[in-house]
Amino acid sequence: MRTPPPFRGRQGKLTLETVACPDCDLLQHIPPLPPGGKARCARCSEILVHQRADPLDRPLALTVAALIAFIIANTAPLMSLSAVGRESSTTIMGGAYEMWLQGSQITAVTVAICAVIAPGGHIAFMLAVLLAVRRPPAPRWVGILLRCAHFMHPWSMTEVMMLGILVALFKIAQLATVIPGIGMYAAFAFIMLLTAVMVAFDPNEVWTRVRWADGSPPPMIAPKGTTA
Amino acid sequence: MRARAVSAAQVGLLACGTCRQLTRPADKANPGDCPRCGARLAWRRAHSIQYTWALVIAAAICYVPANVLPVLTTTAFGSTESDTIMGGVIFLYVSGSWPLALIVLVASVMIPLGKLVALSYLLITAQRGSVANSHERTRIYYAVEFVGRWSMLDVFVDAFIVALIQLKPLMSVEPGLGVVFFMAVVVLTMLAAQSFDPRLIWDAGHDYRAQHG
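Protein chains in written order, with our numbering: chain A, 59 to 286; chain B, 6 to 218.
Worth flagging that the hints you see were computed from the coordinates, not collected in a lab.
A hint or two may mislead.
[To be verified] Footprint (simulated), chain A over chain B, 3 or more residues, beta carbon under 8 Å:
#1 31 to 43
#2 180 to 190
[What the hints assert, rightly or not] The following residues of chain A were derived to be distant from chain B, with all beta-carbon distances above 12 Å:
#3 Pro90
#4 Pro93
#5 Val122
#6 Gly178
#7 Arg192
[To be verified] One-sided excerpt, in silico: chain B residues whose CB lies under 8 Å from chain A:
#8 Val152
#9 Trp155
#10 Met195
These figures come from a predicted structure and were not determined experimentally.
Where a beta carbon is used, it is the ideal one built from N, C-alpha and C, also for glycine.
Work out the full structure: start from the sequences and follow the hints.
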């Protein structure tokens, strides 16, 4: 396994403020930013750096809250329905399971992934990362878990599911009476909390604390006495 | 332009796709792994144009059955009725909820079609090495990435209607084959957006491979 040397500036020091825009590859220097400050790419205006006031503790608190909301949203019934004197209720997984029973297994698996597995995995990985990174230098597997969280993120579609439920409810309302359950409120809370986590979290803060691939501690927090 | 814009690749620097760490690979053809996070390094996403085209074409093929085949089959009081995606939109409109009808129309019909057109446009201009409208094309790419997930709306609508309306033998709803194709369109276009490398939009003016191939 070959690993190229990290980029060093003219004095041979790590120039951590030099970045390449992930969306257009423009090489640029990021000036020191105040808390809450943002730096945009000079060419394509993508946000390159967003200096959060509290990049690890606040997302951790929100992640714990989001995890609780997620568990309630998935165990409590989303809604119950009564029509012609009969009642039925469903959870999120119940929706996917019924799809499976009705012979549309591929759809059932996709619904389960987008509504339960990806959001659950995403929040669980985030929790593990945020807990493990509190004491730098963090072990290498923290970086691997962060990659897993990034991978899950685009497939986590709780907010799309909630809009879908709204439309489904309207369609059914003509045929039956629908009563929203605790799960529905918990799912709304989960969407809000997850959005707040993503706003408050700075992945770069994690990367600067994780041990490098060869096991060495990250340069920013090298023990005193050694040259950074 | 105020200063000459230099991309990292032009000066032999490579940003890790996972953790953004800049490195200067010795062997330009095989950059190796990121020294910080260990991810495989690549100048640009591997076979970006080829993979994205393949996914876009596959999605375009699935788009036809997704709209023609029924997504839901309702059996109520002995009569059976099939609904396509457009049928669902018309049902919502007729039953007096034009805002919901508009949401479903945009999410299920216009967004998937718009994504296919937008990705094809980005691919063709990137392949031709176009330097015009780079800002607009980058904005189109953001939009495609951002709205992609909302197309899944109809799949969730169908799943929860099927889950709730199981009052056999009086009334039941079954998913149709259209849902599977529709879902394929959404997943394939999302994968296509992920495999397209937006840096190709800006590479056009200067081929990064010419200097570092």
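Per the stated criterion, does the least C-beta distance between Gly178 of chain A and chain B lie above 12 Å, as a non-interface residue requires?
For Gly178 of chain A, whose nearest Cβ neighbour in chain B is about 17 Å away, the distance exceeds 12 Å, so it holds.
Taking 12 Å as the cut and beta carbons as the points, is Pro93 of chain A off the interface with chain B?
21 Å, holds
Report holds or violated for the interface hint on Met195 of chain B, using the least CB-CB distance to chain A and a cut-off of 8 Å.
This hint holds: Met195 of chain B lies near chain A, its Cβ roughly 7 Å from the closest one there, short of 8 Å.
Would you assess whether Arg192 of chain A, listed as outside the interface, keeps its beta-carbon beyond 12 Å of every beta-carbon in chain B?
About 19 Å separates Arg192 of chain A from the closest Cβ of chain B, which puts it past 12 Å; holds.
Are all beta-carbon distances from Pro90 of chain A to chain B longer than 12 Å?
18 Å, holds
Taking beta carbons only, do three or more residues of the region 180 to 190 of chain B come closer than 8 Å to chain A?
n = 4 at 8 Å, threshold three: holds.
Does Val122 of chain A clear chain B by more than 12 Å, comparing its Cβ with all Cβ atoms of that chain?
For Val122 of chain A, whose nearest Cβ neighbour in chain B is about 25 Å away, the distance exceeds 12 Å, so it holds.
Does Trp155 of chain B pass the interface hint, meaning its C-beta sits closer than 8 Å to a C-beta of chain A?
The hint holds - Trp155 of chain B has a Cβ within 8 Å of chain A, the shortest such distance being about 6 Å.
Are there at least three residues in the region 31 to 43 of chain B whose beta carbon sits under 8 Å from a beta carbon of chain A?
holds (count 11)
Would the stated hint for Val152 of chain B survive a check requiring a Cβ distance to chain A of less than 8 Å?
11 Å, violated
In summary, the structure is inconsistent with hint 8 from the numbered list given earlier, while agreeing with all the others.
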